[in-house]
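Protein sequence lines, in the order shown, are assigned to chains A and B. This note's numbering numbers the first residue of the first sequence as 192 and each following residue consecutively. This note's numbering numbers the first residue of the second sequence as 3 and each following residue consecutively.
Calculated from the structure, these hints are not laboratory results. Predicted model, so just to flag it, every value in this text is computed and none were measured. Note that beta-carbon positions come from the ideal geometry of N, C-alpha and C, so glycine has one too. Warning: the hint list may mix true and false statements.
To be verified - Listed next, the in silico DSSO-like pairs over lysine-lysine satisfying Cα-Cα at most 30 Å (straight line):
#1 A:Lys265 <-> B:Lys74
#2 A:Lys335 <-> B:Lys78
#3 A:Lys335 <-> B:Lys62
As the list claims (entries may be wrong) - If you want a taste of the chain B side facing chain A, the calculated C-beta under 7 Å gives, among others:
#4 Leu16
#5 Asn19
#6 Val141
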Amino acid sequence: MLDDFDRRLLRLLQADPGRGVPDLAEAAGSTPARVARRLDALRETGVITGSRTLIDWRALGYAVAVSLRITLDKTQSRAFDEFLAAARLVPEVIEIQTFLGRVDVRLSLIARDLADYQRIYREQILELPHIADIEALMTVATVKGDESLPL
Amino acid sequence: MSLDDLDRMILRALVANADQSTTQLAAKLGLSQPATWRRIKRLQEAGIIAGRQLQLDAAKAGFGVTVFLGVKLATKGRVSLEDFERAVGAIPEVQTVDHVLGLYDYRLRVVARDLADFERVLRRRLMTLPGVGNVEANVLLSEERRPGPL
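Use the sequences and the hints to build the structure in full.
Below you can see the structure in the form of structure tokens.
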């Protein structure tokens with residue numbers, strides 16, 4: 192279980208993952224040695240799994256982002272595995288989620304423009320195995336996107 | 003800005019792990035440290051590197067349930083969109099809000115401690131948002147991030 196000090200460190204790091212130990216210690220009102228020990232423990236227990244660089248795909252010319260909500264044909268026992276393995280091979284798929292609910296899988300797809308999207312959709316997405324139904328939601332704007340946990 | 007193969011390699015490495023230093027990255031890619039640093043700086047200046055995100059195991063941090071919600075607004079119009087966005091963005095359990103076109107108007111990513119906690123957030127905070135109509139919830143089972151077309 193996390194205590195208040197853990198949560199405080201995680202909140203600070205969520206806001207700025209590049210923050211060094213001395214800086215964190217000062218902000219949390221503690222010593223660098225204590226902060227370093229806690230961070231080691233949080234990594235060892237797998238609470239902190241790392242950090243990643245965020246890419247702005249728009250700046251790379253990918254102006255279109257679509258959320259594809261997919262229902263699979265569950266009469267096929269290998270439907271999930273085969274669908275996921277094939278979806279991983281589509282380079283423009285940047286996120287894959289599976290769900291319990293009306294939707295089985297969600298793919299986050301990016302494309303340069305609508306013509307590019309149409310090409311990827313027809314040539315790669317519709318070719319994926321075991322699709323029973325697809326709905327597309329096109330992203331107009333991201334209102335909030337930092338994915339922080341409310342620690 | 004167009005990327006060359008080295009830019010792509012740097013981006014792939016940093017997306018997988020943003021904790022490595024420029025020196026470590028340079029050694030891994032067989033580049034000099036200053037050349038690697040210059041390329042990273044150029045990618046930052048072009049806005050391609052948009053920032054850095056701490057990766058936490060939500061379940062181990064006490065958030066065992068993540069739900070994706072599709073929300074349809076009952077009333078439309080500029081004012082109702084602004085009211086909804088302001089109110090939903092202020093809910094701490096709501097991690098992302100996307101305005102979308104299609105079957106729903108908004109796509110939300112919501113975390114909760116467990117299903118009982120999610121029900122509380124849904125009833126007390128989400129269903130009471132201004133203008134909210136039909137809501138569909140799908141509980142996240144697994145998730146993977148792909149490197150994308152690099």
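Right, here's what the structure says about each hint:
{"no.": "1", "hint": "A:Lys265 <-> B:Lys74", "in the structure": "holds, 28 Å"}
{"no.": "2", "hint": "A:Lys335 <-> B:Lys78", "in the structure": "holds, 20 Å"}
{"no.": "3", "hint": "A:Lys335 <-> B:Lys62", "in the structure": "holds, 24 Å"}
{"no.": "4", "hint": "Leu16", "in the structure": "holds, 4 Å"}
{"no.": "5", "hint": "Asn19", "in the structure": "holds, 6 Å"}
{"no.": "6", "hint": "Val141", "in the structure": "holds, 4 Å"}
Hint compliance for this structure: every hint is met.
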